[in-house]
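Chemist: Given next are the chains, with one letter for each unit.
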Amino acid sequence: MSEKRILMSGNEAIAEGAIRAGCAFYAGYPITPQNELIAYMAKNMPKAGRVFIQAESELAAINMVYGASAAGFRAMTSSSSPGISLKQEGISYISGAQLPAIIVNIMRGGPGLGNIAPAQSDYFQATRGGGHGDYRLIVLAPASVQEAYDLTREGFALADKYRIAVMILGDGVLGQMMEPVTLAGKNAGKPLPKRWALTGCKDRKPNVVKSFFMAEGGLEKANLDLQKKYKIIEKKEKRYEGLFLKDAELILVAYGTTARIAKNALFRLRGKGRKVGLIRPISLWPFPADAFRMPGRKARYLTVEMSYGQMVEDVKLSSGCAEVDFLGRSGGGIPGEEEIVNKVNRMMI
Amino acid sequence: MKKIFTRPEALKDAPNHYCPGCGHGIAHRLIAEIVDETGIRERVIGVAPVGCAVVAYDYWNFDCSEAAHGRALAVATAIKRLRPQNIVFTYQGDGDLAAIGTNETIHAANRGENLTVIFINNAIYGMTGGQMAPTTLVGQKTATTPSGREGKGHGYPLKISEILSLLPGVCYVERVSFQDPQHVLKAKAAIKQAFLNQIKGQGFSLVEILSPCPTYWGMSPKDALDWTRDVMQKEFPLGKIK
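Quick mapping for you: the protein sequence lines, in order, are chains A and B. Residue numbers are given in my numbering: position 311 of the first sequence equals residue 311, and the series is strictly consecutive. Position in the second sequence (first residue = 1) + 349 = my numbering.
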């Protein structure tokens, strides 16, 4: 595997990460700002002997992923916000049937058709399940092109390990931005043996992949099994980056592209002697609550998002603070470094 | 003594939930017989619909997947592309295949996916209590067309098989009926053809079965069979369409 750094967009890095993680099947539907991803897959999946299908709809794409995963293969689809809303049916079925899958959402403005500018306003949809029923996705939020590559690979391993759908949640900036990437990184692991997969019932009893449990108590038991799995994931799979947390009197909380901007603001503020820290959640579900529960910490929190505060309640619940400050824009605006610095200066007077 | 009639290996020894006189039991058995006869039980993968046959996998003795309502052909497309050595079929009702899943149906057919589709046309939504289906006849009374279906406003009976037959990706389309034993045998021959086409790699094959629903047609099982012959066939003529 090459160790040299190559220049790629976030969309391309996710696609290459998937191919190198052994993604055997990709189906997608064109939507901006993730079109480089589907084009990369169209070009490179067949070269690698894998299956690429341009589906007739987002619904077909996610249900193809359901079929591919039911057949025992690593599978992925990608889209952007309005397309992800359409996929919620399939995501719910994938979750109910406990199928591993990767779903990429390169977020754009909403609600409705919104616009094609970057946004982070699908946070609730991503972290609360999104479709019908009691279920969760593992949600990973890269903040650089390298991390987009790495987390996609890691996502495949997590999906297999827990038989769960993993969402890679980026935004239009991350998808389009080009940065150097080292194509190695964390091992995606070999696909685990899938004794439940549909292969034909040679030398065994028939397998059935389903999310339908009509017998009395059947669905409740299935849902409790899901909850048990989610508890383990909440315990083991929380990820975040923390900066200057020890002495921080004010902690910025931001993920993805916004965290990059917040980090720049942080260094400027530290340069002026402001005791500011940063928590960058990498897993949005499970939310890295531990990062907010340091004994003796008396810091205030300022959440920075490209949404109108969808992450604020997770910060409140994790930190136990009744008041959490918020700076954010959505619908095309991106919170700027200057805005963050000014807001912090006003808060720390 | 020679045993001349037995339960196919591909059919489980399980009581089914279908109403008396329903066509699903016949269709399940024919598929199971063909799976046995072609020796594919250990490599066949069925995709069950949402509708009355939602738990078809409880009756078939081979690997099966559930699919969301209308999405069976998207699910089947992926399974077959990844496992070309397996024999993959979908089993879908009229609402599943020709209303909520029309898009998946037309595009899987148009891509020429090497799949077998068993399409149960009983001109009604059974599972949900007898509402209008895309194939409901003009004048037919249902829970959602209490005064009878009118073409304008409710839509005309959708001839999805004829529509599919126009697509270059489609290999074989035939409409059959369960109206009497002779026609059941003809139906079996058509279903077998649809499986053999896939085994030979010839592409998308669909068999539409006019199947009785005595419960929601409000008829005795015998009258329901006669209705498929005397009324349904006027709208949906039998025979090879492609």
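Honestly, the hints are just simulated from the structure, not real lab data. Computed from a prediction, not measured in an experiment: that's the story for all the values here. C-beta atoms are modelled at their ideal positions from N, C-alpha and C, and glycine is treated no differently. A portion of the hints provided could be inaccurate.
Restricting the straight-line Cα-Cα distance to at most 27 Å, the calculated cross-link-like pairs of lysine-lysine (DSS-like) are [unchecked claim]:
#1 B:541 - A:202
#2 A:235 - A:221
#3 B:490 - A:205
Part of the chain A face toward chain B, derived, beta carbon under 10 Å [what the hints assert, rightly or not]:
#4 27
#5 75
#6 267
Chemist: So, against the hints stated earlier in the document, which numbers end up violated here?
Modeler: 3 and 6
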